[in-house]
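Engineer: The primary structure of each chain is shown beneath.
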Amino acid sequence: MDLAEVEETLKRIQSQKGVQGIIIVNSEGIPVKTTLDNSSTVHYAGLIHQLVMKARSTVRDIDPQNDLTFLRVRSKKNEIMIAPGGWGFSRGVHTHSDTGREQHPTQRPRRPRTFLSGDKLIY
Amino acid sequence: MGHLAESTGNYLDLAPPARLVVLVTCIQRRTGAATQQVLLDDEERVDTVDRWDESHHGKGLIKPPDQLELTEAELKEEFTRILTANNPHAPANIVLYNSKECCYKPTVVEQMIVHFVVEGSLLHQDSDEARRQKAKGGLPEETATFDTGAGPDEAKPETLDTPADDEGGAGEEDRPDSVASKTNQKKEAKVTNQFDYSERACQNLNNPHRQIGCQPEPPPRSNFSSLANQWVIYDAYMEELQKQERNKEKQKAAPSKKDPDNTKRAVVSTDSHGHDISKVRKAVKIIERMVNQNTFDEIAQDFKYYEDDSDEFRAQEGTLLPLWKFQYDQAKGLSVTALCWNKKYQDLFAVGMGSYDFNKQEHGLLVFYSLKNTAFPEYSYPTKSGILCIDIHEQHSYLVAVGFYDGCVAVYNLNKEGMDAVHKSTAKTGKHTDPVWQVRWQKDDLDNNHNFYSVSSDGRVASWTLVKNELVFTDVIKLSLNGAMSEGTEGSQQPIIACGTAFDFHKEIDYLFLVGTGEGKIHKCSKTYSSHFLETYVAHSMAVDAVKWNHFHPKVFISCSSDWTIKIWDHTINTPIFTFDLNAAVGDVSWSPYSSTVFSAVTIDGTVHVFDLNINKYEAICQPAVMAKKKGKLTRVEFNPIHPIIIVGDDRGYVTSLKLSPNLRKKPKAKKGQELATGPEVEVAKMDKLLSLLQQPENSTA
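Just so you know, the sequences run in chain order A and B. Numbering-wise, the first sequence is residues 397 to 519 according to my numbering. Numbering-wise, the second sequence is residues -7 to 694 according to my numbering.
Bear in mind the hints are in silico, worked out from the structure with no lab data behind them. Yeah, the Cβ is synthetic: ideal placement off N, Cα and C, and Gly gets one too. Any given hint could turn out to be false.
Said to hold, decoys possible - Stretch-level coverage of chain A by chain B, calculated; a stretch enters the list once three of its residues show a Cβ under 8 Å from a Cβ in chain B: (1) 406 to 416; (2) 466 to 477.
Stated by the list, open to error - FRET-style restraints, in silico, Cβ to Cβ: (3) A:401 with B:236: 43 to 53 Å; (4) A:423 with B:220: 14 to 24 Å; (5) A:407 with B:297: 56 to 66 Å; (6) B:232 with A:458: 18 to 28 Å; (7) A:411 with B:297: 43 to 53 Å; (8) B:214 with A:429: 26 to 36 Å; (9) A:411 with B:407: 25 to 35 Å; (10) A:458 with B:521: 52 to 62 Å.
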């Protein structure tokens, strides 16, 4: 039952605009499921695994009761979103050039982002 | 002759005849006795020769034939002979030139003649060489003295003296040196006789070396490396703690109660295999939210930060900014019949879908959306019959009470897996016979059971209690046109049962509630009095669609109806305080949670009206058309408890969220110098002021 739900969610994510692919990785860093090609998958998996470990270690070192909820790596061309789920984590690679930030009307001023976690809305 | 005698000093000369000179030499000492006689007697010389054959003595002298014949006188002549140690052959007349006297002088001539040299191996024991040899030999002094063969007594004290001397000499020096020298001396004294000891070596066969090793099998090894971070330690402690707790629980053998207010809504199983899926699920969910956030990034930004600055220029009007639009594939054809925000998780809201159309009764859907993921619902429960009302429990926000079109009520538990309701009322358990229009959770009763109320078109207000996993109902009140009738009255006339279409419980006074009927009346009832109403208001000409108490003011409530009007009441007064005519049937009305004078209403022409009585008592301050007139009707509206947004449901199954502009959220301005008071009291005061204003003109007109 859960598996079906997960599959469905993955399908939805994949169908979202701008999403290039999804990789699901187990706790050792070995990709379990992917929608990208093999070489890219292995590439991403290897590189990001260490980053996540480091980030998680950092967060938990400062406060052991805390834990990493997600990690975004934004670059010029695209964005890598990483969500660790306990020990396994999944990743979406997403291009954000399509959200049309350039088309954003000037009337709407941008405010600085704050990331709130927990029960509050995440921005 | 003298010369001859001198020259032949040491030798015996036998050859010359007549007078022979016989000289005594050392060689001839052997024949000492014989030769002495020879000195005295020349003639006897011959005898001496003969005397060598002393064995022949006694005979007469034997004269050689050629002997000189001397007279007796001549024979008695004495000749003197001199014995000297001069070398007869050494020249006596060696002269050397003496430069001093300028003449030749005779020198002394060496008279020594070496006849025989033999090199001996004897050493004097006191000589250096002897000492050296002694040292080498290392024999003790005593033996050394014996060995040399010298007079032992003489030698001994000598040798003893020498070490003593040595010691005495070295006495001033350091002791060890003297000791060493003593030992040395002793060593030197001992001279080994090379035959005294023998060093003999003898070697056996050396056994050939063999290496024998034994190695057991090494224990299996594995590499272990680990980090010991702060959090690793913390995790270990937590695990340990959990184990202990589990053990305690097992010991107590008490059923463990699941903590309802867990921060994570997903059920986390302790089995290891269940972990993987649930964790992946969670991770995937987060990813979905992140992706959605990216996709709807601008909207999220607007939601949080956008404040319409143009409101400053608009004197009193405000605007509504459309944010997200929620839609669900499976909800096509259904209309939104109920909206409810979750009190605890203020980004979660429930949408009940069904149909108001009597003819088109299909299935229903209970859907939960979160603002964090606006593309897909968090939970969805399909139902057999259309849903008409929802209520989420205030404390236990996973409990949802649902009222259906077919008269059933059900309770869903979001924490539990499965698509079915946890409890459902059936015909046996007293479900309503007509659609249930409103459900409301109440506070837990005395037995700590959850309970909720429902009102339905069959005229009953029922209370349902969850008693040990069962739904037990009790009728609270029966609505009738003539007034409430108790069950047991003897009645010739059948009481005409009114249908309840809406109700609301007072925020503070628990037992007080209002019921709106399909006839347009509103009854004020009490839980305790089941027989009659406290008050009845003739409110509308058509069915009352919604009735709501004010969040702040204890006396004010609002009602709306399909007769195009909204009315605001003071429950102590029989007539409405405010009446608004909206030119279209009003689907729903709702008070705002932040102000006592702001409320919003939706009409079937697709317009949302927001009123602020403080600003404008007669008109809405904002009337945006959210939907085009022909496209759909708006059916429900709800304010978010904390965020300045409202959600509006329509009959297409869409839920639109709108942000309220600042004008719509105005708080009373503080006078300069005064503190801005916040809190419900202020709101109450605001309302009171309004009411008093209204009442004054009323009084004046009356």
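Engineer: Hint by hint, note whether the structure agrees.
Structural biologist: Taking the hints in turn, this is what the structure says about them:
For the segment 406 to 416 of chain A, the stated coverage by chain B holds: 7 residues have a C-beta nearer than 8 Å to a C-beta of that chain, and at least 3 were required. Look at the segment 466 to 477 of chain A against chain B: 4 of its residues bring a Cβ nearer than 8 Å to a Cβ of that chain, three or more, so the hint holds. At roughly 34 Å, the beta-carbon separation of residue 401 (chain A) and residue 236 (chain B) lies outside the given 43 to 53 Å, and the hint is violated. Remark: the range hint 14 to 24 Å for residue 423 (chain A) to residue 220 (chain B) is upheld by a beta-carbon distance near 19 Å.
The hint said 56 to 66 Å for the Cβ distance between residue 407 (chain A) and residue 297 (chain B), and at roughly 32 Å that hint is violated. A hinted range of 18 to 28 Å holds for the C-beta pair residue 232 (chain B) and residue 458 (chain A), which are about 22 Å apart. Distance hint for residue 411 (chain A) and residue 297 (chain B): a CB-CB separation of about 29 Å, inconsistent with the stated range 43 to 53 Å. As the Cβ distance of residue 214 (chain B) to residue 429 (chain A) is approximately 30 Å, the hint placing it in 26 to 36 Å holds.
Judged by the Cβ atoms, the range 25 to 35 Å given for residue 411 (chain A) and residue 407 (chain B) holds: they are separated by roughly 29 Å. Taking the beta carbon of each, residue 458 (chain A) and residue 521 (chain B) are about 60 Å apart, inside 52 to 62 Å as hinted.
The structure fails hints 3, 5, 7 (numbered hints given earlier, in ascending order).
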